[in-house]
Amino acid sequence: MKFNGKDIISIKDFTKNEINYILDYAEDMIPYAKGDKFKNILKGKVLSSLFFEPSTRTRLSFESSMNRLGGRVIGFSDPSGTSQKKGESLSDTIRMADSYSDAIVVRHPHEGAARLAAEFSDVPVLNAGDGAGRHPTQCLLDLFTIREEKKKIKNKKIVLLGDLKYGRTVHSLAYALALYGAKLTLVSPTSLKMPNEVVGECKDLGIEPISTSNLEKAIRDADVLYVTRIQKERFPDAEEYNRVVGSYKVNNELLKSAKEDLIIMHPLPRVTEIDPEVDKTHHALYFKQAFNGLPVRMALLSLVIGGRI
Amino acid sequence: MKKELKIPLIKNGTVIDHITAGNAVKVLHILGIPISTSSVISVAINVKSKFGKKDIVKVENREIDPQEVDKIALIAPKATINIIRNYNVAKKHKVELPNEIIGIVCCSNPTCVSNANEPVKSRFNVIEKDPPKIKCYYCEREPEDIADRII
Chain Z
1 MKFNGKDIIS
11 IKDFTKNEIN
21 YILDYAEDMI
31 PYAKGDKFKN
41 ILKGKVLSSL
51 FFEPSTRTRL
61 SFESSMNRLG
71 GRVIGFSDPS
81 GTSQKKGESL
91 SDTIRMADSY
101 SDAIVVRHPH
111 EGAARLAAEF
121 SDVPVLNAGD
131 GAGRHPTQCL
141 LDLFTIREEK
151 KKIKNKKIVL
161 LGDLKYGRTV
171 HSLAYALALY
181 GAKLTLVSPT
191 SLKMPNEVVG
201 ECKDLGIEPI
211 STSNLEKAIR
221 DADVLYVTRI
231 QKERFPDAEE
241 YNRVVGSYKV
251 NNELLKSAKE
261 DLIIMHPLPR
271 VTEIDPEVDK
281 THHALYFKQA
291 FNGLPVRMAL
301 LSLVIGGRI
Chain W
310 MKKELKIPLI
320 KNGTVIDHIT
330 AGNAVKVLHI
340 LGIPISTSSV
350 ISVAINVKSK
360 FGKKDIVKVE
370 NREIDPQEVD
380 KIALIAPKAT
390 INIIRNYNVA
400 KKHKVELPNE
410 IIGIVCCSNP
420 TCVSNANEPV
430 KSRFNVIEKD
440 PPKIKCYYCE
450 REPEDIADRI
460 I
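Chains Z and W are the protein sequences, given in the same order.
Residue 231 in my numbering is what sits at position 231 of the first sequence, and the numbering runs on without skipping anything.
Residue 447 in my numbering is what sits at position 138 of the second sequence, and the numbering runs on without skipping anything.
Relax, there's no trap hidden among the hints.
Pulled a few chain W residues facing chain Z out of the computed Cβ check, cut under 8 Å:
1. CYS421
2. GLU427
3. CYS445
The calculated lysine-lysine pairs, modelled on DSS-like cross-linking and capped at a C-alpha distance of 25 Å, are:
4. W:LYS403 with W:LYS359
5. W:LYS444 with Z:LYS193
6. Z:LYS12 with W:LYS444
7. W:LYS430 with Z:LYS12
Please keep in mind that the hints were generated in silico from the structure rather than gathered at the bench.
Glycine is no exception: its CB is placed at the ideal position from the N, C-alpha and C atoms.
Turn these sequences into a full structure, and let the hints steer you where they fit.
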């Protein structure tokens with residue numbers, strides 16, 4: 001399977017076989033991600049890390065991935081120190097990064113920004129989140145985590161909870177889970193329901209998601225509870241945000257009705273939607289999930305830049 | 310009984326027939342008529358036909374080019390374009406949406422990168438041709454109000 005030079009823009013650009021290939025390779029990366037093994041396969045290669053929006057996990061894990069594989073990183077985590085402040089367009093910034101590096105990771109507030117970046121770049125572009133749009137590497141690490149924990153994804157009952165309207169991770173994830181034949185239940189405040197386009201895509205793949213507002217009932221026979229934060233930064237007005245913030249919370253009381261082997265995932269950061277008391281339970285998987293970003297992104301960088309462990 | 314024409318024949322120009330009933334005014338808007346022309350325009354709305362009701366637009370002394378035909382197909386997918394020369398139909402073609410629409414419709418998503426200050430034209434993939442359904446190449450949003458989004 002050929003990935004050299006390929007852009008990673010949307011999970012929909014990949015077949016199930018290609019996704020499986022990436023996840024298998026990510027599994028091989030685990031000892032390298034933990035620092036137990038080391039190989040300089042990206043020595044001499046440079047990654048541009050362009051973060052026009054704040055990030056902790058995605059940026060650090062991409063940069064750590066490049067370093068772990070022997071490569072170097074240039075870039076910024078705050079565009080206020082760049083020529084964007086002077087009005088430079090994204091396309092011009094990408095042209096520069098293209099000439100300075102072997103791959104570009106970009107996070108940007110505009111939907112479709114990574115797709116546009118790929119048009120202006122000869123080196124591969126990896127989408128680290130474009131507005132409320134796509135976040136394919138998060139999606140891949142989520143699939144990786146579910147597969148690691150549950151051994152398979154098909155027929156697993158997965159509850160997506162929270163801001164399903166603006167949450168970019170759940171859009172990509174719902175599509176990918178449908179591709180794998182998972183059973184989907186969607187739980188959200190009425191004003192933050194999953195967009196019809198995404199539900200339609202799941203239906204096209206033969207999966208009919210169930211929508212409900214009854215979280216307790218939804219998690220009773222669930223295998224995975226995927227929680228998202230209500231993202232204040234995506235709301236067009238503060239009033240709409242204030243109406244829904246704090247409308248759901250996962251705590252130990254709620255989990256009494258859950259299956260013993262339910263796992264709770266969250267793309268992080270979390271605010272109030274998961275009570276810290278849940279962290280100590282065996283259900284909590286979100287910190288391990290965050291670690292999984294490393295082997296998955298190491299696998300991707302290795303595949304698109306070239307060089308295999 | 311002799312059939313009477315609702316609007317007169319034209320000598321030269323374009324007849325757009327089989328427009329979805331009620332959409333003739335939007336077709337005129339898409340074509341930039343009457344702003345862009347001094348030609349005589351005849352419009353018939355809700356004309357009876359064997360398939361129900363339709364609209365007809367006749368534009369004298371102007372032959373519509375393919376780019377404009379694409380635009381019409383977005384809101385009148387069954388329309389036919391007849392080029393009239395000396396009272397005869399010189400060319401006749403049925404409009405058909407291409408697989409991709411570039412630079413014709415703007416994205417309904419205000420935070421789509423195609424609406425930002427970038428050197429790219431709007432770009433949509435056509436998902437369904439009749440009724441038209443399009444998806445933004447950049448942000449994947451599917452605008453519902455296509456007619457209002459024509460650039």
